[in-house]
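**Q** Here are the chains, one letter per residue:
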Amino acid sequence: MRVFFATDIHGSEVCWRKFLNSAAFYKADLVVLGGDVTGKVMVPIVAHNGYWQAVVRGESIRMDTQAELEEVQKQIRNKGSYPAVVTPDELQNLSDEEGAVDRRFSQEMTHSLDRWMDMADGKLQGGEIPCILNGGNDDIWEIDDIIESSPCVTFGEGKALDLDGFHLVSMGWTNPTPWDTFREAPEEQLREKIDAVVSQIPDMERAIFNFHAPPYGSGLDEAPALDDTLRPMHGGAVMKPVGSTAVRDAINSYQPMLSVHGHIHESRGIKKMGRTLAINPGSVYGDGVLQGAVLELNAKKGKVAKYLLVNG
Amino acid sequence: MATDAIGGETPTLFLRKATGLVRGWSVRDSIIYACLATNFVTLGLYEFTFAGPAFPKGQFITATLISGVWVSFLVIAYAGLIVTIPRAGGDYVWQSRILGSGLGFVMAATGWWFILWLWAPIYGNILSVQLFEPLWATLKWTWPNGGAAWFGTNNGIFIVTLITIVIAGLLVSLGMAGYARIQKYAFFGGMAGFAVVVILLLINSHADFISSFNLYGQKLFGVHNAYAATNHAAAKAGYTTSPFGFGPLGPTMLLVPAFMFFLLWPNWGSTLYGEIRGASDFRRVFTGMFAGLWMTVLLTIIFLLLIVKTVGWGFYQNLNALDYNLTPQFGIWPYPFMFAGWLVHNTAFQVILILVLSLWFFGWVGTLFLSSTRVIFAAAFDRVLPDRAAEVSEKRKVPFYSLVLMLLPAVILAAIYAYSSTFRTYTLDATLVIAVTYLFSAVAVVLLPWLKPDLWRASPASRIKVLGVPIVPVAGVITIGLLVFNLVEWLSNDLYFVNSHDSLIFMGAMYVLAIVVYVLARVVRSRQGIDLGLINKEIPVE
Numbered sequence: 014m015r016v017f018f019a020t021d022i023h024g025s026e027v028c029w030r031k032f033l034n035s036a037a038f039y040k041a042d043l044v045v046l047g048g049d050v051t052g053k054v055m056v057p058i059v060a061h062n063g064y065w066q067a068v069v070r071g072e073s074i075r076m077d078t079q080a081e082l083e084e085v086q087k088q089i090r091n092k093g094s095y096p097a098v099v100t101p102d103e104l105q106n107l108s109d110e111e112g113a114v115d116r117r118f119s120q121e122m123t124h125s126l127d128r129w130m131d132m133a134d135g136k137l138q139g140g141e142i143p144c145i146l147n148g149g150n151d152d153i154w155e156i157d158d159i160i161e162s163s164p165c166v167t168f169g170e171g172k173a174l175d176l177d178g179f180h181l182v183s184m185g186w187t188n189p190t191p192w193d194t195f196r197e198a199p200e201e202q203l204r205e206k207i208d209a210v211v212s213q214i215p216d217m218e219r220a221i222f223n224f225h226a227p228p229y230g231s232g233l234d235e236a237p238a239l240d241d242t243l244r245p246m247h248g249g250a251v252m253k254p255v256g257s258t259a260v261r262d263a264i265n266s267y268q269p270m271l272s273v274h275g276h277i278h279e280s281r282g283i284k285k286m287g288r289t290l291a292i293n294p295g296s297v298y299g300d301g302v303l304q305g306a307v308l309e310l311n312a313k314k315g316k317v318a319k320y321l322l323v324n325g
Numbered sequence: 002m003a004t005d006a007i008g009g010e011t012p013t014l015f016l017r018k019a020t021g022l023v024r025g026w027s028v029r030d031s032i033i034y035a036c037l038a039t040n041f042v043t044l045g046l047y048e049f050t051f052a053g054p055a056f057p058k059g060q061f062i063t064a065t066l067i068s069g070v071w072v073s074f075l076v077i078a079y080a081g082l083i084v085t086i087p088r089a090g091g092d093y094v095w096q097s098r099i100l101g102s103g104l105g106f107v108m109a110a111t112g113w114w115f116i117l118w119l120w121a122p123i124y125g126n127i128l129s130v131q132l133f134e135p136l137w138a139t140l141k142w143t144w145p146n147g148g149a150a151w152f153g154t155n156n157g158i159f160i161v162t163l164i165t166i167v168i169a170g171l172l173v174s175l176g177m178a179g180y181a182r183i184q185k186y187a188f189f190g191g192m193a194g195f196a197v198v199v200i201l202l203l204i205n206s207h208a209d210f211i212s213s214f215n216l217y218g219q220k221l222f223g224v225h226n227a228y229a230a231t232n233h234a235a236a237k238a239g240y241t242t243s244p245f246g247f248g249p250l251g252p253t254m255l256l257v258p259a260f261m262f263f264l265l266w267p268n269w270g271s272t273l274y275g276e277i278r279g280a281s282d283f284r285r286v287f288t289g290m291f292a293g294l295w296m297t298v299l300l301t302i303i304f305l306l307l308i309v310k311t312v313g314w315g316f317y318q319n320l321n322a323l324d325y326n327l328t329p330q331f332g333i334w335p336y337p338f339m340f341a342g343w344l345v346h347n348t349a350f351q352v353i354l355i356l357v358l359s360l361w362f363f364g365w366v367g368t369l370f371l372s373s374t375r376v377i378f379a380a381a382f383d384r385v386l387p388d389r390a391a392e393v394s395e396k397r398k399v400p401f402y403s404l405v406l407m408l409l410p411a412v413i414l415a416a417i418y419a420y421s422s423t424f425r426t427y428t429l430d431a432t433l434v435i436a437v438t439y440l441f442s443a444v445a446v447v448l449l450p451w452l453k454p455d456l457w458r459a460s461p462a463s464r465i466k467v468l469g470v471p472i473v474p475v476a477g478v479i480t481i482g483l484l485v486f487n488l489v490e491w492l493s494n495d496l497y498f499v500n501s502h503d504s505l506i507f508m509g510a511m512y513v514l515a516i517v518v519y520v521l522a523r524v525v526r527s528r529q530g531i532d533l534g535l536i537n538k539e540i541p542v543e
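From first to last, the protein sequence lines are chains G and W. Sequential numbering of the first sequence, starting at 14, is according to the numbering used here. Sequential numbering of the second sequence, starting at 2, is according to the numbering used here.
Don't read these hints as lab results, they were simulated from the structure. All residues carry an ideal CB built from backbone N, CA and C; glycine is no exception. Careful: at least some of the hints might be erroneous.
[As the list claims (entries may be wrong)] Beyond 10 Å from chain G on every Cβ pair, some chain W residues (computed):
| # | residue |
| --- | --- |
| 1 | 57 |
| 2 | 142 |
| 3 | 190 |
| 4 | 224 |
| 5 | 234 |
| 6 | 288 |
| 7 | 332 |
| 8 | 424 |
| 9 | 431 |
| 10 | 495 |
| 11 | 542 |
[Said to hold, decoys possible] Over 10 Å on every C-beta distance to chain W, these chain G residues come out as not near it, computed from the model:
| # | residue |
| --- | --- |
| 12 | 60 |
| 13 | 80 |
| 14 | 83 |
| 15 | 115 |
| 16 | 127 |
| 17 | 175 |
| 18 | 206 |
| 19 | 211 |
| 20 | 216 |
[Stated by the list, open to error] BS3-like mimics (lysine-lysine), calculated; alpha carbons at most 30 Å apart, straight line:
| # | chain 1 | residue 1 | chain 2 | residue 2 |
| --- | --- | --- | --- | --- |
| 21 | G | 172 | G | 40 |
| 22 | G | 253 | G | 285 |
| 23 | G | 172 | W | 310 |
| 24 | G | 285 | G | 314 |
| 25 | W | 237 | W | 141 |
| 26 | W | 310 | W | 237 |
| 27 | G | 40 | W | 538 |
| 28 | G | 87 | W | 466 |
| 29 | G | 87 | G | 136 |
| 30 | G | 319 | G | 285 |
| 31 | W | 141 | G | 253 |
| 32 | W | 538 | G | 285 |
| 33 | W | 538 | G | 87 |
| 34 | G | 285 | G | 313 |
| 35 | G | 172 | G | 314 |
| 36 | G | 253 | G | 313 |
| 37 | W | 185 | G | 87 |
| 38 | G | 172 | G | 319 |
| 39 | W | 18 | G | 253 |
| 40 | G | 313 | G | 172 |
Next up, chain G with everything else stripped away, as it sits in the complex (with noise of 0.2 Å):
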C-alpha cells in the first residue's frame, strides 16, 4: 500500500488543493494529514464605499472590482491566511470589544474549513479515496465535528483505523508549548492518551502512529531555542529538542512498524528508532509548498519498504 504524509498546512488553501491531489499525483492509496490545519493570521479587508482596502504582506492594496477583491482574498488564503472582509465600523470593533477578534477568527476558520470539506468531496471522489484527518495543537475545537461529518474525510483523533491490513492510530496533542495552545497536555497525561489509542489495536507489526508531537530527543524535534521574550536565541544558530517524552516512550516500548509526526516544521527528518521508522516531512506551508512523505508499505512483512521525502 503506498501513503502520502503531510501535516501542518495552517490554512494554506494552496496545500489543501495540492494534498487533495496528491493521491493521484504520488499514486497513493491513503492520505493522511497530520495535524495543525487551521491558520494562524487573520487579514481584515475594509470594505469602503465602491472599494476595499488591505494590508498584504506590509503593502496597502486597493481592489476596486469583485474580481480584484477575490485574487487578493485567494492570495491571503494561499498564504494561510484568512481574509476577513469588514466595514470600518466592524474594524473598530474588533480592535475594541473583548473576544470580538477571537469570535471572528474561530467564525473564519470554520467557514474555511467547510470550504475545505466541499472541495474534498469533489477530489477524492466522494470517498473513494480514503483520506484520514487530524487536528493539532493549534486547532481549535470546533473543526472536529467538521471534519467528523464530511463523507469523504475520516476524522482520525482517539481512533484506530483498519486500513487494509494496517492499523492507524490518532493523536493531535503535545506536550506543553510556550505558546499554551488548545490540544496540549502534561506528559503523564499524554501517555494516559497513547495507551488508550494504542490498545486498540491489535497486531502492533502493522501499526502506524499519526501522533502530531514528534518523540523528544529524536532530531524530529529540533526547534530554535528562544528566550523568556520568545525571541529565537544565538540568531537562531541554536536548536533544541522540543518534542514528547511520552511519544519517545510509547514508539520505544510498542515498536508500531511506522510513526508519523509533525509540529516542528524546521525540523524534516526521518529516524530509526529500534523497528520503528518515524518520520517529520516537516512544513514550509507559507511557501506554498507541500512538504510530505511517499511511504511504501509492505502488509505481508510489516514493514516500510520504501520511502522519500517531497517537496511537492
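Position chain W relative to chain G; hints supplied.
**A** Relative to chain G, chain W alone:
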C-alpha cells in the same frame, strides 16, 4: 484564544497565539555571526601576507571598499533568498528548489562539504601562526624541537591541523547551544583585544614601534636591528611596494579576488536560518549580514591606517614579502598583533594579548563543520546519501557518520597540505569552489521571478524596490558580476596559484565526485523503486 493586533490604531493583521509565532532573531546576534564569518583577524590578516607581495601595486583600502560595496549586493541577493525560502540548508535548498535537485546537490556538496576538507588545514595553519607560534616565541619555549618555528614545519602544521579538526568535530558533537554562547564571549573578548591593539598603535609613535621591534627582535629571535634588517632583506629579495594611497584602479582590482578570502562570507549563517519570517524580515536579515560585513571593512581600514601611522606601510609589506618568499624574518609568520604587543615591555601583557586575540579563532572554528553536517543530513533525508549519514547516536547525540564523512577526508587533506608546499598554495581553491556555489545561488535569485513566479510574488523580497524595480534580482546580477570577475581572475592569473594543473585537477575531482555520488544515488534508488526525481516535483494545484 489569545490574539494580537498588528498595525497600530487601525489593525492590518490579527495573529492568534499559535505554535512557532516567535519574535525575530536579534539583529545583534546576526551581526556577530557575520562579523566572525568575515573574520578580519584570522582570515584578513592571514590573506594580507599573500596579497601584498603578490600585488605590490594594489591599494588595500580601495580594494577593501570596492570589495565591501560589491559583496553588499551578494548580501541583498542572499537576504532575498533567505526570506523567500527560509530554510536550514541554504544554497542546497534554494538551488534544488529553483534550479533542480542534481545541480543543488553538486553545488552544495562541493561548496559546503568537500571543499571544507581543505578549509580544515587552513584553519589549522591560522591557529598555528596566530596562537602557537607567537605564544611560544614570546615565552621563548624551545619544546618541541625548534620552539615556535616547529609549528611552521610539516609536522607542526599537521599536528595543529589535527588539533583543529578535533576541536571543530567536538564542537559539532557538543552542539551549538554551548558554543553559541562561547562565540558571543569570544567576539566581545576578541574585539576588546583588537581595541587594545588600536590604542597601542594609536598612542605610540613610529619611532616607538621601531625601538620596540628592534628590542624584541633581538630578545626573542636574536635578530640585531630587526626593523632595518627586514627592509634590507626585502630589498635584497627584489621586493618593492608602492607607497600607501588609493590608486591606480587596475592593480587594485586584482586585490579584490584575494580579499574574497575573508570578505565573501557575511552570508555564512544562511545555512542555519529556519522558518522564522515576516514582513520586516528582509530588513532584519539584510541588516545582520550587511552590518557584520561593514564592521569587518571598518576593522580592516582602522588596522591599515594604524599600520601606516605607526608601523610603516613599506615595512609591513616587506615583512609580508619575506614570508611570501618562504624566508620569514623571524622564522615564523609575521603576526602584526604580536608586534603591537611588543610596544608594552611586559611578557605577561604580551601573552595575554595573544591569548585574547586568539578568541577571534575560537569564536569562528566551530562553524567549520556545522554547515557541512547540515548539507549531509539534508542529502541523506533526500535519499541521495545513505540513511546512515543522517544518524545521530542515541546517547551522546553525536552525528557519527556525517562527522566521519567530514573528518576522515579532512585528515587526509591535512596531511597532503602539511607535507606538500605546492598543495599549500591552493588556499584560494577553498574560496573559489564556494564562490561557484554562490554563483549558482545568484543565478537562482535572478531566475526566481520567472521560474517560480508564485513563490516570488509571495516573497517579501519582491516588494523591495528602487524606482519601481525589484532590487533583489538586480543585486543577483551584480553578484554574478562579482563572482564571474573573481573566477576569471583566479583561473587566468597565475599569481592566485589556483590555475595550476594540479589545482584544477583537485577542484575538478570534487565536482566529478559530487556528480558521481548523485548519479549513483539516482541509479541505486531507482533500482530500489525510489524515484529521486519526485523530490522537488510540484503537485498540481487545480
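**Q** When you check the alpha-carbon spacing of residue 285 of chain G and residue 314 of chain G, does it fall within 30 Å?
**A** 17 Å, holds
**Q** Confirm or reject the statement that residue 211 of chain G sits farther than 10 Å, beta carbon to beta carbon, from all of chain W.
**A** Residue 211 of chain G is indeed farther than 10 Å from all Cβ atoms of chain W, at 22 Å.
**Q** Checking a non-interface call: every C-beta of chain G should be farther than 10 Å from the C-beta of residue 234 of chain W. Is that right?
**A** 45 Å, holds
**Q** Closest CB-CB distance from residue 60 of chain G to chain W, is it above 10 Å?
**A** Correct as stated: the minimum Cβ-Cβ distance to chain W is 14 Å, above 10 Å.
**Q** Within 30 Å, alpha carbon to alpha carbon, are residue 172 of chain G and residue 310 of chain W?
**A** 78 Å, violated
**Q** Is the claim that residue 424 of chain W lies outside the interface with chain G correct, judged by CB distances over 10 Å?
**A** 32 Å, holds
**Q** Decide, holds or violated, for the assertion that all CB atoms of chain W are farther than 10 Å from the CB of residue 175 of chain G.
**A** 26 Å, holds
**Q** CA of residue 310 of chain W to CA of residue 237 of chain W, is that 30 Å or under?
**A** 25 Å, holds
**Q** For residue 185 of chain W and residue 87 of chain G, compute the direct alpha-carbon distance and say whether it is at most 30 Å.
**A** Roughly 44 Å between the alpha carbons, so the hint for residue 185 of chain W and residue 87 of chain G is violated.
**Q** Holds or violated: are the alpha carbons of residue 313 of chain G and residue 172 of chain G at most 30 Å from each other?
**A** 23 Å, holds
**Q** Mind verifying the non-interface call on residue 431 of chain W? Its CB should be farther than 10 Å from each CB in chain G.
**A** 22 Å, holds
**Q** Checking a non-interface call: every C-beta of chain W should be farther than 10 Å from the C-beta of residue 83 of chain G. Is that right?
**A** 16 Å, holds
Of the hints listed earlier, those the structure fails to meet are numbers 11, 15, 23, 31, 36, 37, in rising order.
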